[in-house]
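Number of protein chains: 2
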Amino acid sequence: MRLSRYYLPVLKETPAEASIVSHQLMLRAGLVRQASAGIYAWLPLGLKVLKNIEAVVRAEMNRAGAVEVLMPTIQSADLWRESGRYDDYGQEMLRITDRHDRDMLFGPTNEEMITDLFRRDVRSYKDLPLNLYHIQWKFRDEVRPRFGVMRGREFSMKDAYSFDLDEAGARASYEAMFAAYLRTFARLGLRGIPVRADTGPIGGDLSHEFHILADTGESALFYDKALEDIASETMRDVMPGDPIIETLQNIYAMEEGQHDPEACPVDAASLSTKRGIEVGHIFFFGTKYSDAMGAKVQGPDGGEVPVQMGSYGIGVSRLVGGIIEASHDDEGIIWPEAITPFHVGIINLRRGDADVDGASEGLEADLERAGLEVLYDDRDERAGVKFGSMDLIGLPYQVTIGPRGLKDGVFEVKTRATGEKQTLSPDETRNFITQAFR
Amino acid sequence: MRLSRYYLPVLKETPAEASIVSHQLMLRAGLVRQASAGIYAWLPLGLKVLKNIEAVVRAEMNRAGAVEVLMPTIQSADLWRESGRYDDYGQEMLRITDRHDRDMLFGPTNEEMITDLFRRDVRSYKDLPLNLYHIQWKFRDEVRPRFGVMRGREFSMKDAYSFDLDEAGARASYEAMFAAYLRTFARLGLRGIPVRADTGPIGGDLSHEFHILADTGESALFYDKALEDIASETMRDVMPGDPIIETLQNIYAMEEGQHDPEACPVDAASLSTKRGIEVGHIFFFGTKYSDAMGAKVQGPDGGEVPVQMGSYGIGVSRLVGGIIEASHDDEGIIWPEAITPFHVGIINLRRGDADVDGASEGLEADLERAGLEVLYDDRDERAGVKFGSMDLIGLPYQVTIGPRGLKDGVFEVKTRATGEKQTLSPDETRNFITQAFR
Numbered sequence: 001m002r003l004s005r006y007y008l009p010v011l012k013e014t015p016a017e018a019s020i021v022s023h024q025l026m027l028r029a030g031l032v033r034q035a036s037a038g039i040y041a042w043l044p045l046g047l048k049v050l051k052n053i054e055a056v057v058r059a060e061m062n063r064a065g066a067v068e069v070l071m072p073t074i075q076s077a078d079l080w081r082e083s084g085r086y087d088d089y090g091q092e093m094l095r096i097t098d099r100h101d102r103d104m105l106f107g108p109t110n111e112e113m114i115t116d117l118f119r120r121d122v123r124s125y126k127d128l129p130l131n132l133y134h135i136q137w138k139f140r141d142e143v144r145p146r147f148g149v150m151r152g153r154e155f156s157m158k159d160a161y162s163f164d165l166d167e168a169g170a171r172a173s174y175e176a177m178f179a180a181y182l183r184t185f186a187r188l189g190l191r192g193i194p195v196r197a198d199t200g201p202i203g204g205d206l207s208h209e210f211h212i213l214a215d216t217g218e219s220a221l222f223y224d225k226a227l228e229d230i231a232s233e234t235m236r237d238v239m240p241g242d243p244i245i246e247t248l249q250n251i252y253a254m255e256e257g258q259h260d261p262e263a264c265p266v267d268a269a270s271l272s273t274k275r276g277i278e279v280g281h282i283f284f285f286g287t288k289y290s291d292a293m294g295a296k297v298q299g300p301d302g303g304e305v306p307v308q309m310g311s312y313g314i315g316v317s318r319l320v321g322g323i324i325e326a327s328h329d330d331e332g333i334i335w336p337e338a339i340t341p342f343h344v345g346i347i348n349l350r351r352g353d354a355d356v357d358g359a360s361e362g363l364e365a366d367l368e369r370a371g372l373e374v375l376y377d378d379r380d381e382r383a384g385v386k387f388g389s390m391d392l393i394g395l396p397y398q399v400t401i402g403p404r405g406l407k408d409g410v411f412e413v414k415t416r417a418t419g420e421k422q423t424l425s426p427d428e429t430r431n432f433i434t435q436a437f438r
Numbered sequence: 001m002r003l004s005r006y007y008l009p010v011l012k013e014t015p016a017e018a019s020i021v022s023h024q025l026m027l028r029a030g031l032v033r034q035a036s037a038g039i040y041a042w043l044p045l046g047l048k049v050l051k052n053i054e055a056v057v058r059a060e061m062n063r064a065g066a067v068e069v070l071m072p073t074i075q076s077a078d079l080w081r082e083s084g085r086y087d088d089y090g091q092e093m094l095r096i097t098d099r100h101d102r103d104m105l106f107g108p109t110n111e112e113m114i115t116d117l118f119r120r121d122v123r124s125y126k127d128l129p130l131n132l133y134h135i136q137w138k139f140r141d142e143v144r145p146r147f148g149v150m151r152g153r154e155f156s157m158k159d160a161y162s163f164d165l166d167e168a169g170a171r172a173s174y175e176a177m178f179a180a181y182l183r184t185f186a187r188l189g190l191r192g193i194p195v196r197a198d199t200g201p202i203g204g205d206l207s208h209e210f211h212i213l214a215d216t217g218e219s220a221l222f223y224d225k226a227l228e229d230i231a232s233e234t235m236r237d238v239m240p241g242d243p244i245i246e247t248l249q250n251i252y253a254m255e256e257g258q259h260d261p262e263a264c265p266v267d268a269a270s271l272s273t274k275r276g277i278e279v280g281h282i283f284f285f286g287t288k289y290s291d292a293m294g295a296k297v298q299g300p301d302g303g304e305v306p307v308q309m310g311s312y313g314i315g316v317s318r319l320v321g322g323i324i325e326a327s328h329d330d331e332g333i334i335w336p337e338a339i340t341p342f343h344v345g346i347i348n349l350r351r352g353d354a355d356v357d358g359a360s361e362g363l364e365a366d367l368e369r370a371g372l373e374v375l376y377d378d379r380d381e382r383a384g385v386k387f388g389s390m391d392l393i394g395l396p397y398q399v400t401i402g403p404r405g406l407k408d409g410v411f412e413v414k415t416r417a418t419g420e421k422q423t424l425s426p427d428e429t430r431n432f433i434t435q436a437f438r
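In order, the protein sequence lines correspond to chains A and B.
Every letter in the first sequence is one number past the one before it in the numbering used here, and letter 159, counting from 1, is 159.
Every letter in the second sequence is one number past the one before it in the numbering used here, and letter 195, counting from 1, is 195.
Next comes chain A alone, as it looks inside the complex:
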């Protein structure tokens, strides 16, 4: 992509409205713009990151056997009256009246709707287990939206819903999702920290949140010091049945609402307290919704039983902010390779110089042929502006091409995360970068 034909409005100044670094950088790097309080428009670079995160989440959901659907944003209040949550939910629910005076709402989550879809079409235990998920925009009317996309009102969430004949099956589904979450975060380059959590308005008695550790996190976490090392060992393909799952579920690790200092079995010297950004939340709630809404299947013995359910959320848009909190420096963002909007940036130091233009365009074409996404800064701007933008937007590799290097037949290749610079020939540059993404 040529930057001259792209839309990347970077800001020199840090906007006063942004108090945390991810919010500042998302505005400065031209990833998002606020449309209203807690509601954001995604500009091209931000949308690419969002879609890359979606792709990782989708791949691990599919691998776990979940099947993708797409439920609408607007729901009927009647469904929520069936479960009893219409009155419980409070002011966070965006309530709407349509032109025929019917009560509607913008879905904050989809337990009711998926239970309704299930009860209409599924009749038999032979169709189980079943896990349906979607990636859709939700709305929660936060009283004080803040921290950019980290606590917005309109946000993208992946939510999956499992259906099983009995509790043992449902607990196996829960474990399959627990494993899929560890894999998802590992692929995103993140160490996911699972803690026991309140079930809140979703309900049920078994629930884990997955956090990224960050000083700007909203939740206080209390856990056995050994947890962080164990979580580091999940940076691989954890599949259901892996003993690390049981280890993680048994070690003391509580979200603040669950932590009772009096009853804590871990002594003070072994207890860690850190702040976390919640990026996932999973629930087993059995028959809470299937009982209330009559979602039953015929079992092997012919009798009808309410289906056992769980739900599993990942904050897709929130992850964009969370990843930046975990991966940035003074110059800007440092994207993990798995979700970077472009793999490499090319900086042309003298646009209009036939040799420099030719070398830049040649490298762009070579890297694109190798299947990489390239952002080529072909603008008529000062070198300092180009370097600053490139550092700010955080692509993993930068190649600078100018008349001086070209005299010696070399480019300058910078690795964004380390700042390391190498002087490489065009062939070496191509090999170095394509190898990095193999």
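No lab work stands behind these hints: they were computed from the structure.
Keep in mind the model is a prediction, meaning the values are calculated, not measured.
The list cannot tell twin chains apart, which means a pair is met if one copy fits it or any two copies do.
Think about it this way: if two alpha-carbon atoms lie no more than 27 angstroms apart in a straight line, the pair counts; the simulated DSSO-like pairs of lysine-lysine are: (1) K296 with K126; (2) K407 with K421; (3) K274 with K225; (4) K421 with K12.
Starting from the structure of chain A, add chain B where the hints point.
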């Protein structure tokens, strides 16, 4: 994908709620379920088609130089007060009050929001031309939603917005989108019929609708008989500057609101009247929004001028229904190859028979290795049920594998569109199908 692990709830009966064939087939083939009046949940098979259509639309937008963004669904009423449309829009606009009593709305279109984004970040003619698009769910509170996704309330639309320094540039942008629309519909296997149209609440003085001809279409079209043949010639890569664009824009072709029988220059014998399904609508409206909202750029002479704009919609979710209206038979849907949810279906006639299972799984693996998407019916169901489902869901090719054929080392391969059946060896089957999608 194994059907036993998929979610494909097909219906034997035609639901009474559905009056047109696309709606009936979308319900029967398990593509969608109605969640509320005019609001649909997309089941796995329907979502795959929707995404395939999105991918075609996106590819042609990108090829035309448009850049993808994603604006939120919920908008502030204040933006619409600036343009004057908040009061004009009427009851189709879903109006919402948030917890702080601010007036919001669920966007029916995005001219105001994109103009706001533009005015905040773009200052100079050097950043033009610019075309930003998104694919997002919209809401129009139709008084009587009907025909399934063809006239739903929550619907997916691709809407693009062009920004140019002057009217000549804006007309070139309009032509680029006109060409992109012809390419998009051609790639979808559809003959797009462009007609002059009312600009309605969008405004402006130049506008074309693109229709698919169908008896169930809501609009009456009046056009010179020669138009259909000319439209047939657009089933190729039409690029800006192609003379067929001018031909199409100059031939008499009017949506009913524009057609004046008294003033019609075409004599009755040469005039055709048919019904059409509107699948695209493009507008040039100049400075209507930029004047009202102060979206100005600095021109080459240093003076500030309001930017010239156009907007360009494609009904993405509506196209699913439109394509089915145009491509089905008594047995069910016939998907065009470009958007089919799976390329091929495999029917196992005797599940549990080691030879049949092995041959079915072998073909599945071979075709998937060739990059094709395969739906393998491995269910424990009667042959008649499997044949009926496969015809209903309309995959282009079906391969039936049973013990009788296997004795002779052959499969039966059916082409859905023609009904033609061939008896082929496994190797011939693989070659025939992979060639079909080359």
